[in-house]
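In the order they appear, the protein sequences are chains A and B.
For the first sequence, the positions run 444 to 679 when our numbering is used.
For the second sequence, the positions run 658 to 989 when our numbering is used.
Worth flagging that the hints you see were computed from the coordinates, not collected in a lab.
Every value quoted in this text rests on a predicted model; they were computed, and no experiment measured them.
A couple of the hints might just be wrong.
What the hints assert, rightly or not - Chain B is faced by these chain A residues, among others (derived, beta-carbon under 7 Å): (1) 471; (2) 512; (3) 598.
All C-beta atoms in this analysis are idealised placements derived from N, C-alpha and C, irrespective of residue type, glycine included.
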Amino acid sequence: MTFMQSNALSTPASISTVSAEEPKISVIGTAAYLIEAPGAFDLPAQRRIWALAHAVEPWPEVREIVPGVTNLLVILKRTPEEPEQFEARLRHEWDCARGIDLIGKTVEIPVTYGGEHATDLAAVCDFTGLTDREVVRLHWQGNYTVVALGSAPGFGYLHGLDPRIHMPRKTVPSLRMLKGTVTIGGMQTGVSVLTGPNGWNSIGFAELQMFDPMKNPPALLAPGDKVRFVPERIEL
Amino acid sequence: MIEILQTGPLNTVQDLGRFGFRNAGVTSSGAMDWLALTIGNLLVGNGEGEAALEVQTFPFRLRFERGTTVAITGADCDARLDGRRLPPWWSVPVSTGQVLELDAPRRSARAYLTFAGGIDIEPVMGSRSTSLRGGFGGLDGRFLAANDRLGIGSAYACAVPPGGFGVMPPEAALAEHFPASQDGTLLVRAIPAGEYALFGAEAERFWTQTWKISSQSDRTGYRLAGEPIRLASPVELRSHGVVPGVVQMPPSGEPIVQMSDANTAGGYPKMAGVIDIDLWRLGQARIGSRIQFVQSSVTEALAAERAVQAYLEDIRRTVPMLAHALAAMSRR
Numbered sequence: 444m445t446f447m448q449s450n451a452l453s454t455p456a457s458i459s460t461v462s463a464e465e466p467k468i469s470v471i472g473t474a475a476y477l478i479e480a481p482g483a484f485d486l487p488a489q490r491r492i493w494a495l496a497h498a499v500e501p502w503p504e505v506r507e508i509v510p511g512v513t514n515l516l517v518i519l520k521r522t523p524e525e526p527e528q529f530e531a532r533l534r535h536e537w538d539c540a541r542g543i544d545l546i547g548k549t550v551e552i553p554v555t556y557g558g559e560h561a562t563d564l565a566a567v568c569d570f571t572g573l574t575d576r577e578v579v580r581l582h583w584q585g586n587y588t589v590v591a592l593g594s595a596p597g598f599g600y601l602h603g604l605d606p607r608i609h610m611p612r613k614t615v616p617s618l619r620m621l622k623g624t625v626t627i628g629g630m631q632t633g634v635s636v637l638t639g640p641n642g643w644n645s646i647g648f649a650e651l652q653m654f655d656p657m658k659n660p661p662a663l664l665a666p667g668d669k670v671r672f673v674p675e676r677i678e679l
Numbered sequence: 658m659i660e661i662l663q664t665g666p667l668n669t670v671q672d673l674g675r676f677g678f679r680n681a682g683v684t685s686s687g688a689m690d691w692l693a694l695t696i697g698n699l700l701v702g703n704g705e706g707e708a709a710l711e712v713q714t715f716p717f718r719l720r721f722e723r724g725t726t727v728a729i730t731g732a733d734c735d736a737r738l739d740g741r742r743l744p745p746w747w748s749v750p751v752s753t754g755q756v757l758e759l760d761a762p763r764r765s766a767r768a769y770l771t772f773a774g775g776i777d778i779e780p781v782m783g784s785r786s787t788s789l790r791g792g793f794g795g796l797d798g799r800f801l802a803a804n805d806r807l808g809i810g811s812a813y814a815c816a817v818p819p820g821g822f823g824v825m826p827p828e829a830a831l832a833e834h835f836p837a838s839q840d841g842t843l844l845v846r847a848i849p850a851g852e853y854a855l856f857g858a859e860a861e862r863f864w865t866q867t868w869k870i871s872s873q874s875d876r877t878g879y880r881l882a883g884e885p886i887r888l889a890s891p892v893e894l895r896s897h898g899v900v901p902g903v904v905q906m907p908p909s910g911e912p913i914v915q916m917s918d919a920n921t922a923g924g925y926p927k928m929a930g931v932i933d934i935d936l937w938r939l940g941q942a943r944i945g946s947r948i949q950f951v952q953s954s955v956t957e958a959l960a961a962e963r964a965v966q967a968y969l970e971d972i973r974r975t976v977p978m979l980a981h982a983l984a985a986m987s988r989r
């Protein structure tokens, strides 16, 4: 890692990890700072990111914050005059951040597993060595936590997928995956919210509306929410 | 009201963008050239964030169903009002029944039409910008079509003289603050981003070659064609927020620059981020044109930002004075 560090440190405005236990802070352009938690994709790391988000959001120079999967993007209203100082404040805030539990609601999502929209279920079986029934059961028996929203309006990245059904994203995305498709992408699962190209693996379909621009808030899910998939029908 | 008589696809209603919902996966949208939209609004006496028409496919024609003031900024599209040529970056009073026409520009990509009082549509989540991907905002979340009619706000028409008036285009007024090449390649300043170091010595080629903006480019992002730059082994990052200007390196090795309709999250390695003050220029780059990235710094970006703000401040101050003076002269 030392090579990367020295390279990154020699590049102005792109300071990288100092040690494995430190967060990595980098910039996108002049007014967006990405802070990435060290360590694994787990809920303790996510809770600390949520705590950081909570602390940073009221800062007057902050326009928007975007919590991601064990990371946080902080978008400023304008380019800071003293970028190093701002980065030091972020780092200090991370050091102070203790994990917080967001008090979320529980959302039940009725799902039709299998059937015409589960075009990748066979591939998941091949990859995992499980039967379709086992894949479906492991999926609906999971207790999921919304770690972040992103990618498309109202799309929730869910943590809690059983490692036995982790499945890498497809190298060739489906060109027109329907909104409502229940999918697995790596160690994450979610319900697609827009019809279009999608590289995640489809195993079912849900009718529930996840986003309505006329509602406040427009997204059904929020970070910290618990999600249960309810097998309404299983068509295998 | 205005009525759209002729339009190509992808022309939309845009303002300065929809902020505060990126954490729900909602892209900011907004004008690809925010500076042109801002100046257009100033030229018709509007608040700077009123909605405008962003025109990027041509020819485009509209008819005014009542008198108002219109400004045309951004790309020079040989604008004609009832056949009479209007200079670029120009504001002019129009009367009922007049027809405004725009043709494909020879350089730059997008023109902005602003109207005194703005475009009268309901904001969605705090903005009138069209989110094509989300299917909301602007005109029902879609692009303009012939026979569409849009309401114009009923602000006081600002005192624009009959012949109109204009401003010096920002490319000319700010030339010394934005680098230019000899051969027409757009120089885009950028700062190394999170995964820059992973590319090692290969990263050098990111700066030294020119990249062509491929035909698979739109308001969401530009795909760049050139000599690929690949990682020895592919890296898939955890999903994280991104902003317009991020330069991502997918496994193909050809960069993607996210633009106004940028995805809110990404997982590709990030080579660089375009400095925010250069985004309006990149927003005017055309498909098929060439760009080259120039390594920049926050200090340089801040200097350019100050220059743009001074230019805008000058317009804010002089437009009302100039308009009144010219109007008074024309009454004599």
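Do the hints match the structure? See the list:
1. 471: 4 Å, holds
2. 512: It holds, given that the least Cβ distance between residue 512 of chain A and chain B is near 4 Å, below 7 Å.
3. 598: 5 Å, holds
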